[in-house]
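*Asks:* In order, the protein sequences belong to chains A and B.
If you're matching positions, the first sequence starts at 1 in our numbering and goes up one per residue.
If you're matching positions, the second sequence starts at 344 in our numbering and goes up one per residue.
It is possible that part of the hints are untrue.
[Stated by the list, open to error] Just the calculated beta-carbon pair ranges, DEER-fashion: (1) B/K356 <-> A/S156: 37 to 47 Å; (2) B/K500 <-> A/I108: 25 to 35 Å; (3) B/D619 <-> A/D31: 54 to 64 Å.
For the record, the hints were derived by calculation from the structure and aren't laboratory data.
From the three backbone atoms N, C-alpha and C, an ideal C-beta is built for every residue, glycine too.
2 protein chains.
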Amino acid sequence: MNTTFLKACRGEKTDHTPIWIMRQAGRYLPDYHKVRSQMTFLELCKNPEKAAEVTLQPVDILGVDAAILFSDILVTLEAMGMDLDFKEKQGPVLAHPIRSQAELDQLIIPDPIEKLGYVMDTISLLRTELADKVPLIGFCGAPFTLSTYMIEGGSSKNFFNTKKMMYTDPGLYHNLMAKLTASTISYLQAQAEAGAQALQVFDSWAGSLAPNDFAEFALPYVQEIIAALKPAGIPLIYFANNCAGLLDLTKTSGADVLGLDWRVDIPTAIENFGPDIAIQGNLDPISLLLPEDKLEKRIASILERGRGAKGHIFNLGHGIVPETPPEKAKFVVETVHRLSKGK
Amino acid sequence: MNTTFLKACRGEKTDHTPIWIMRQAGRYLPDYHKVRSQMTFLELCKNPEKAAEVTLQPVDILGVDAAILFSDILVTLEAMGMDLDFKEKQGPVLAHPIRSQAELDQLIIPDPIEKLGYVMDTISLLRTELADKVPLIGFCGAPFTLSTYMIEGGSSKNFFNTKKMMYTDPGLYHNLMAKLTASTISYLQAQAEAGAQALQVFDSWAGSLAPNDFAEFALPYVQEIIAALKPAGIPLIYFANNCAGLLDLTKTSGADVLGLDWRVDIPTAIENFGPDIAIQGNLDPISLLLPEDKLEKRIASILERGRGAKGHIFNLGHGIVPETPPEKAKFVVETVHRLSKGK
Chain A
1 MNTTFLKACR
11 GEKTDHTPIW
21 IMRQAGRYLP
31 DYHKVRSQMT
41 FLELCKNPEK
51 AAEVTLQPVD
61 ILGVDAAILF
71 SDILVTLEAM
81 GMDLDFKEKQ
91 GPVLAHPIRS
101 QAELDQLIIP
111 DPIEKLGYVM
121 DTISLLRTEL
131 ADKVPLIGFC
141 GAPFTLSTYM
151 IEGGSSKNFF
161 NTKKMMYTDP
171 GLYHNLMAKL
181 TASTISYLQA
191 QAEAGAQALQ
201 VFDSWAGSLA
211 PNDFAEFALP
221 YVQEIIAALK
231 PAGIPLIYFA
241 NNCAGLLDLT
251 KTSGADVLGL
261 DWRVDIPTAI
271 ENFGPDIAIQ
281 GNLDPISLLL
291 PEDKLEKRIA
301 SILERGRGAK
311 GHIFNLGHGI
321 VPETPPEKAK
331 FVVETVHRLS
341 KGK
Chain B
344 MNTTFLKACR
354 GEKTDHTPIW
364 IMRQAGRYLP
374 DYHKVRSQMT
384 FLELCKNPEK
394 AAEVTLQPVD
404 ILGVDAAILF
414 SDILVTLEAM
424 GMDLDFKEKQ
434 GPVLAHPIRS
444 QAELDQLIIP
454 DPIEKLGYVM
464 DTISLLRTEL
474 ADKVPLIGFC
484 GAPFTLSTYM
494 IEGGSSKNFF
504 NTKKMMYTDP
514 GLYHNLMAKL
524 TASTISYLQA
534 QAEAGAQALQ
544 VFDSWAGSLA
554 PNDFAEFALP
564 YVQEIIAALK
574 PAGIPLIYFA
584 NNCAGLLDLT
594 KTSGADVLGL
604 DWRVDIPTAI
614 ENFGPDIAIQ
624 GNLDPISLLL
634 PEDKLEKRIA
644 SILERGRGAK
654 GHIFNLGHGI
664 VPETPPEKAK
674 FVVETVHRLS
684 KGK
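Take the sequences, apply the hints, and build the full model.
*Replies:* And the structure:
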């Protein structure tokens, strides 16, 4: 098996810099559209064979060093008892947002096998199908990010209702976060048991919080999740998006690897994180539109700036956008491998 | 006149920390709704008497230390020849986005008196009406932020088309920025001549750029504007929103004051900026929902952390949100004054 990704997570020497791409299985790939056209997004998440099929596509097409489970962070909320729907153009909709203790009390901490068994089935299938290819990453949403969907009922511009609860009813907010955290821990434990070889916690909206709020309301729950998963003995990655102002805090998450969005200066992050944390990132997804010569220069610069880190997993600074030509994604993978070989 | 704001911009000693609030004239005030209900948003911008009336409302109601012209950063684009409309719930719409040199060539560098005379009329009126009350701030959008509206045709989630032009046709993008910059310089010069006593450049979307892109495509144009306005001899403020990862760069803008959004740690910014730059900010707008005792603690903390700066103008870290109770805005102003008095 190509273990470059796992080695880099642990800070071991590798013969090239490993790369995978956030949302690497998805809308920019014609092969994905072919599968997706037969069913809704949520049906695809719940169909282990098809979810495994689209998970494998970028491994074969792009040659990435890791596969990441095809799923969505919001399936956890459905498992907890919320109505989840993905509407074309509008994105996720949770019809009955949670804004009171009574509403929160109606949600359960789900048994992951019972409520999210399709995810574990996908993981098992993938481990068989991946065999000796590349490691499989499992994932979840961080409690703060999940809380925004839970409270807003979908996407949000300024997270008004989430912060309103945080500020005006911190007890309720902490109860909600505790429930999300408990659900997340058992979900990730089940993923590890099913065969996930690394786990990433996505905190897509962490960067909407002032540092003091992040420290009080978000970070402790991430720390709790990371600590609970340590005994699984697999690399744990925490990706807080838009985190340039939170580096002092994210470095205390306990994760083996910290993801960096494209707005973060890598040497600043490395200096801040010290010698015990590997990094992942951080090419601006839209820079995949650059002509190849300029794109190669950016890749070279990120590789160069990442050399001081304990370990560096190349990635984009956020999910790949649907408008990306697949051949450009392939070019990025090849270029990262070529430029980092033997360095 | 209460010159506390102007003194703080210049780093002179003040007997209290001055405060104004981004979007202080606006939707959270019933008094504003009363005026706004009689006309569209754009009609209000173009009606000097009514625009002056709503500009003055927060000065009287809240007791802020500065007035800021009621207008919108996008009126510049209309003056350049674009169709501008503000749709309820959807926000600004520019029906014909600019994506080619031919389209760009159709836009003019407007004579501000001819095309934006209503703004200068509002400023003149306000200077008379404000008399010995507080100074008047004029403003504009920064070229990068204006370019996103120009190219996307409205608001955007990831600025795909803007970055696409930047990356695939940098020559065209630089031409577009040069035209925006020339338009902005003459617009601000006209505002200063009409009587604006300080000028703020709003770069609302600066934080969507990786540091190297900000340095190459956005910052030089801000520097050009600031340099061109220096001879006006009034304080110049540059507010780059979501700038925690850009502090090394924004400090070279040439501005007297740098605005900080709520995600920036103030002492980090002060350390980075050094002794020659005053700061403005940075309370999270949604924290105005906090109960008074907790809100006061946050205000005290920001005042405390701002003390090391050359000067500190208290403000929110972004515009006040429509859901804010006006009495909370008033409480913030009173608390900033009370806690900073004599310190």
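*Asks:* None of the hints should be skipped; say for each whether it holds.
*Replies:* Evaluated hints:
{"no.": "1", "hint": "B/K356 <-> A/S156: 37 to 47 Å", "in the structure": "42 Å, holds"}
{"no.": "2", "hint": "B/K500 <-> A/I108: 25 to 35 Å", "in the structure": "33 Å, holds"}
{"no.": "3", "hint": "B/D619 <-> A/D31: 54 to 64 Å", "in the structure": "56 Å, holds"}
When the structure is compared with the earlier hints, no violation turns up for any of them.
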